[in-house]
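A.B. asks: Residue-level listing of the chains:
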Amino acid sequence: MPDDLRDSTQSDLTITPPAVIEPGHTFASVTDKISTIVLTRRTPMWWFIGAGISFLFAMILFYTIGYLVLTGIGIWGNNMPVMWAFDIINFVWWIGIGHAGTLISAILLLLRQQWRTSINRFAEAMTLFAVACAGLFPLLHTGRPWLAYWLFPYPNTMGVWPQFRSPLIWDVFAVSTYATVSALFWYVGLIPDLATLRDRAKRLGAKKIYGLLAMGWRGSARHWARYEVAYLLLAGLATPLVVSVHTVVSFDFAVAQLPGWHATIFPPYFVAGAIYSGFAMVLTLAIPLRKFYGLEDFITMRHLKNMAKVMLATGLIVGYGYMMEAFMGWYSANTFEQYLVYNRMTGPYAVFYWSLIACNILIPQLLWSRRVRNNVPLLFVISIVVNIGMWLERFVIIVTSLHRDFLPSSWGMYQPTIWDWSMFLGTIGLFLSLMFLFIRFLPMISIFEVRTLLPQSKVSEPGTNEA
Amino acid sequence: MSEIVQLKSPKKNQATIKHDTQATQPSPQNLQSYAARLDSIRKQLAAKKGRDYWRSLEELADTKEFQELMHREFPDNASEWNDPTGRRKFLKLMGASLALAGFTACTKQPTEYIAPYVQQPEAVVLGKALYFATATTLNGYAMGVLAESHEGRPTKIEGNPDHPASLGATDIFSQASILGLYDPDRSQTLTHLGDVATWPDFVAAARASLKAPASQAAPGGQPQSTAGGLRILTENITSPTLAYQIQLLINSVPNSKWHRYEPAGSDNAIEGARLAFGRAANAIYDFSKADVVVSLDADFLSCGPASVAYARQFADRRRLEEGKTTMSRLYVIESTVTSTGAVADNRLPVKPSEVESFARALAANFGVGVQPSPINDAHRRWVDAIAKDLKAHGGASIVIAGDAQPPIVHAIAHAINEKLGNVGKTVRFTNPIEAGFGGEAGVSSQLQAHTIQELVNDINAGLVDTLVILGGNPVYNAPADLNFIEALKKVRLRVHLSHYQDETSELCHWHIPEAHYLESWSDARAYDGTISIIQPLIAPIYSGKTAHEVLAAFTDQPSQTSYQIVQGYWRKYFDGGFKEPAPPSTAQSSSQAATGQSPASASQTSGAAPASQTNTSRTSTASQSGSAPTTSPPQQKAPVDTTAKGYEGDFNKFWRKALHDGFITKPSDNSRAGTEQSSASFAVGQGLASVASAQASEGLEIVFRPDPTIHDGRFANNGWLQEAPKPITTLVWDNAAIMSPATAARLGLGTTSNGIATNKLGYIGGEFVVDQVDLTLDGRTVRAPVWIQPGHPDDTVTVYLGHGRTRAGRVGTGQGFNAYAIRPSTAQWFAGGLQIAKAPGSYSIVATQLHHLINAEEVGVRDIIRSSTFEEYLRNPGGEETNAGAAHEAEAKPTGKTKALVSEQHPSLYPEDDYSQGYRWGMTIDLNACIGCHACIVACQSENNIPVIGKEQMARRRGMHWLRVDAYFKGNPTNPETYFQPVPCQQCEKAPCEVVCPVAATVHSAEGLNDMVYNRCVGTRYCSNNCPYKVRRFNFLLYQDFYTASLKMLRNPEVSVRSRGVMEKCTYCVQRIQEAKIEAEKQNRPVQDGEIVTACAAVCPTKAVVFGNINDPNSEVARLKQQPRNYSLLDLLNTQPRTTYLAAVRNPNPELQE
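From first to last, the protein sequence lines stand for chains A and Z. Going by this note's numbering, the first residue of the first sequence is number 350, and it counts up by one from there. Going by this note's numbering, the first residue of the second sequence is number 666, and it counts up by one from there.
Keep in mind the hints are simulated off the structure, nothing from the lab. For every residue, glycine included, the Cβ atom is placed at its ideal position computed from N, Cα and C. Some hints here could point you the wrong way.
Not everything, but these chain Z residues come out facing chain A in the computed CB check (under 7 Å) [as the list claims (entries may be wrong)]:
1. G1431
2. R1621
3. R1622
4. G1684
5. R1725
Label-pair restraints from in silico Cβ distances [as the list claims (entries may be wrong)]:
6. Z:T1471 x A:A675: 51 to 61 Å
7. Z:Q1753 x A:W679: 23 to 33 Å
8. Z:R984 x A:W679: 37 to 47 Å
9. A:T526 x Z:E1577: 30 to 40 Å
Extracted from the complex, chain A is given alone in its bound form (with noise of 0.2 Å):
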């Protein structure tokens, strides 16, 4: 059905969006079509391939963490000049998939752009997963990973506080604090959905699990009161960290003065840039999932284009941080920042380079025509290539700023070795775990909220009743 023949959620509204709920769904249909996926008993057999898959990349990367911790982190291809390389791009990659589920579920929310209820749920359990991914990376790429907790500051016998000029202990506060509040976010979101699931499940254990994770929830107004401060709250308390978040991992290098790395730019450069690959990761899970649970119906074509849009938007700002950052080489005029641009475009890593542009840059210009935003295997496609190009972005920013740097006689060179792929690939199919698990055990959109989208739920004070 055209999407904007109707419009099911605004009626003020003269010019009418389309849809972000299709037509003729109940308060029941909608709670059945959502729980039933998590309730049912048969479980698809591609579930069990996906979830194979993921598991067994999963545990690929246990059995590198087992390696490197009792090894050590020569197994990976880090070297001399090139001191970060995979853990660092995959950390910061991970952190910015991380960016989407919270810019969704809190700037949206605060922003009342209802579109954001059917996509919000499964973007923060991406966030979560992508955040535990990302959490990997930094602790273990220390050299000794069992002491990392020094980086805490925590009262000890030795007396020593950490060093609190380190961004690398901004690091440590900034990840944490986004974990923690996006974990409780979403799991205060949950809340009323995990009551539904506890009500409707058949067996026991289901219903004991539910009913505790449920925490006594009774769909009473004062819970609902209570609830809605709390989120409300929340996605307060979230907004600043979506920026605050990759602001400070981009201090990791900012606040260095390795040409490259040493740029003002640094900080909205990198949270546009992880909201782009944030909305590109959401893409990249929502297109097949709408395909293979059916949920054509909650995740329109209207939340593929306004995401669509924001990837283009956000990148555009990604854009232009190339750009500032090769003009500013070029017009700080010192030799360092101009031979570092330089070696990006030509030298050993140029081919990574010119593939960054390409994918952050040229490919996504695809999305300002309409047919390409409502082409779905297309927007597929594209968010798998911005999902490309925001990895290859970190890549060309750590490795080929690190390898060649101040003296010519330290430069180097840098290539991954077979751990740093399983590690890699290893989060992945971690992630991927995680989100098989998620899809299979929790509703992956919110029941509750996407019952408010029904033209039904709209009662004679428009406004009361937004969330």
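Got chain A; can you put chain Z on it based on the hints?
C.D. replies: The following block gives chain Z in isolation, referenced to the frame of chain A:
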């Protein structure tokens, strides 16, 4: 524990009370039965022994009694015991027996007695190092050293400031020799046919070999030798004692002969002197008096026995301090890239065969009667310019020829020196210091390549029954055309003394582990004839034997120790009025008459050992062996006692002084005892004219050179040397066919970048993926990787000897290719007619620096190396402002200005630290003095317990050296200027590493040191990323060997041994700073300048590295920092390094400017 007891005790009391109230009077029956039960358990326990017990414990635990004992808190009737100690006793017994049972199950440890000093030796203070003077040898030549000893184990080698070959510095080989001592791969047992044997077994065999008549007929039906047939094959020997012993043995055994073979010896120099003077001679140069030096393929700064001393003299003549306005000029005409060529003012790369024609053309300018040889115009221009310069500096110039050049070039050099009036001023001559050049009987011919050839001929002729190889590895390094292996196999009895079970040991019947010089008594001469007594610091770790002892085994006094032998010899010298004793020469004919008899009569006359055969066993520390320890570090070493005019006939006085000083001093003139110096008697004769000039060869030529780090292969198993980057090429763990870019381009090798053939960079860090070639010379082929080196002469290929060992040990086996395989006896150093064919496949080779990336423009713009010509320096000592474009800001560079000014120019967000009080440590490195010898790297490795990581890890660019020596090229790649820049931690005052460390593992000390707290480091490596100098090193894996026992003895106890996951870096040898500070505080005085010398500064032959307190205006480092040449590396980053550099100044001949 006490808490638990306290918590438990009330309960116990309760229970006891409960028992008391409930139980009746203790019945003796109960007590008895309990005791009986306990007894039975005890018996069971006693009956069980060792490992079985663990199994039986379970069985035991199953018995009712035991269950009861274990289950109940108290055994029944416990309360009945009247004596409270009884219960305790039982518990003790029980606990003890269980514990003992557990212990016996473990591996039984051997009984070891730890004996403290019953009487602590006077000088030994635990934790405080002692220094002993001894000498290390390379190619037989001595280098006087002070060995640092911690509680009887040597840990570090320092130079002996009073020794002429050391002057306080050393080369990399001496530094690394300490690792050779503790090398776990060293041969550890005496073997006979591969089986472990004893020393008496060998002595018996040695004695028998002299008696037994030759058993088998020689091939070809030649008359077999009648008896003896003893041949001794040694390396180059300067040891008077050993030479004397050999002479004695040769004289006493019929048909015996002494052969010498040194694969990287200096035969040509000796033969050249013979050509010039009619007799062998040893030339000694004084570069500190030379204004013009012309090197004809001589790498005198890094090769040869005098290189350390020459480097010091050379650098002294060029030191530009305090407005000095003169500087020597060095011309180098060379056939490969060397450190000497790198620091030359004018360097001309030529094919090796062209050096001779160059020398002839040069000689023609001075009226030396030699046959002329055509040279090309370009060389003619050089000849003219050099001749003009030399003529202007008669009496203050040196022409020196390299060991690789044929004798005629040496002779020409001597002749030119004579014509210039240099002899007696910058050049002097002595009799040869090598043993065997005095026309002694029984010595094989003079040239070493010939003497081993003679040996092979004699073996093939059936004249050799017994071959004693003392040191050396001829199976590996004999000239390829001699087929030494086949010959060796024909010898009936083959004895090999060596440090390792190597290629030669494998083919010898007897292998004797050789004692390291730190385990031996011996003696040796330095380049100028100075004699050092080599004294041990430790008893032989693996019962190694010295050559002295092996030779003694063939005499009537086979059990003489080397101490007795060496001391005996010098007693004879002392008693003989300081005249070296000559061995009694026994006529060959009369010896032959003694066929079948024991050579006892001859041996009895030897008297090489004192008559007393008292059991003077060597003890573990030299201090107990009669040597005088130096208790202070070498820098503070007490001056030689000049008051001792003579020894009043007291040999012990003489001996103690010789050991204390590290060399023998004659009482009469207080000069170093050595070879007679008689320069006046050396006059160049007419022999030169008769030598026809060599035919210039067309096509490719090959140059053989000893490896800069592992020498002729003897150090192949030394990880420090394998991993030390070779100067200029920076190759590690490999040798290569080194050639120029043009030659490589012509042969289609390498890759092309900016129109120049270069090595192809790999992907994993420091790896290069290079082509392989088959080098064919005289029909013999070896496969080698190609290394393209700017500055290498065209149409010439350099190969380093010493690699490709097949039995070197875990470290050296199979590293690189064996260049000896194509080295002919006729052309040991260079040869024409080389054929190169590109071989399939590529080879991964590791260099620590990616030179090909550096073109002069980039280096210049980055303002890394500051250099100027001498003329420019005189005009403007601060250096030309040619590099201004590099500056981030437009303002002038803060060169030579104070730190305060720097801070004004580059304000910092962080508060300024006040270093005005106390010590302020700093360092200067004079780029004008550095010759890139890399000794500092190995010294640092030795001092700071730096691990060796292996080729694969080096390929990943994870080298652990705290100090590196960068080489930068400037100018045309066919013959660039080369600059060396040692880069240790710069100890920035505003250290970028410190602010980014999340755990404060790298912090600033009050004295301005950038300290590294290893224990605190978690290994985020952020500090390294933020270090613009990239001087931090990370333990990516567990690089330290914590488990090899012998290596534990190697380590400096004052420096932490770092484990994996930890960042480390140069600390300015903070342990030395602390030691000196403690010493100064004890004496209530500030640390004096020069009291603290870092390991790199101590070892530096040219004194390029100077360390000290900047706050002391009189310190040398403060003085040097005031020099206009002083600059900071990457100054514009405002890191304010404490290490600064003094700009390089070159003095090229303006006439040769291109």
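A.B. asks: Taking the hints in turn, state whether each one holds.
C.D. replies: Evaluated hints:
1. Of the supplied interface hints, the one on G1431 of chain Z holds, with its beta-carbon coming within about 6 Å of a beta-carbon of chain A, less than 7 Å.
2. Interface hint at R1621 of chain Z: satisfied, since its Cβ lies 5 Å from the closest Cβ of chain A, which is below the 7 Å cut-off.
3. The criterion of a C-beta within 7 Å of any C-beta in chain A is met by R1622 of chain Z, whose closest approach is roughly 4 Å, and the hint holds.
4. At about 2 Å, the closest approach between the beta carbon of G1684 of chain Z and any beta carbon in chain A falls short of 7 Å, and the interface hint on this residue holds.
5. Checking R1725 of chain Z against chain A: minimum C-beta separation of about 4 Å stays under 7 Å; hint holds.
6. Evaluation of the 51 to 61 Å hint for T1471 of chain Z and A675 of chain A yields a pass: the beta carbon distance comes to about 55 Å.
7. For the pair Q1753 of chain Z and W679 of chain A, the beta carbons lie near 53 Å from each other, so the given range of 23 to 33 Å is not met.
8. Under the hint 37 to 47 Å, the C-beta atoms of R984 of chain Z and W679 of chain A, about 43 Å apart, fit the expected range.
9. Between T526 of chain A and E1577 of chain Z the C-beta distance comes to about 34 Å, which sits within the given range of 30 to 40 Å.
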